[in-house]
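Q: Work out the full structure: start from the sequences and follow the hints.
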Amino acid sequence: MKSVLITFDQAYYERIIALLDRLNCRGFTYLDRVQGRGSKTGEPHFGSHAWPSLCSAIITVVDDDKVDPLLDTLHKMDLQTEQLGLRAFVWNIERTI
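Oh and the sequence shown: position 17 is 16 in numbering that gives the first Met the number 0, straight run, nothing missing.
In short, the hints are calculated from the structure, not lab data. Do not take every clue at face value.
As the list claims (entries may be wrong) - Derived DSBU-like pairs (lysine-lysine); straight-line CA-CA distance at most 30 Å:
| hint | residue 1 | residue 2 |
| --- | --- | --- |
| 1 | K65 | K1 |
| 2 | K65 | K75 |
| 3 | K75 | K1 |
A: Okay, structure coming up:
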């Protein structure tokens, strides 16, 4: 299993929830109004290719075989509206309680 953190503009909320449901993800935690900043080039700035100054985040647990389809779909969404700053971060889950 992997843990996936998705940061996004609130405009993406319903599309991301539908995607997680479609992939049968095990559940998620929704964090409203998180702050962040970054860019694809490494230069921090607001605007195109950056996290919005005020966005949302979801952390979810995803089966290994569903990570690639999730990231592929999120990447396609980001290409359609790059200015909304959709990002996803993935890491291994080593232990749970």
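Q: What's the verdict on K75 and K1, does the C-alpha distance respect the 30 Å limit or exceed it?
A: Holds, at about 21 Å.
Q: So if I understand the rule, the pair passes when the alpha-carbon distance is 30 Å or less; does K65 with K1 pass?
A: With a Cα-Cα distance of about 9 Å, the restraint between K65 and K1 holds, given a limit of 30 Å.
Q: Is the straight-line distance between the alpha-carbon of K65 and that of K75 30 Å or less?
A: With a Cα-Cα distance of about 16 Å, the restraint between K65 and K75 holds, given a limit of 30 Å.
The structure fails none of the hints (numbered hints given earlier).
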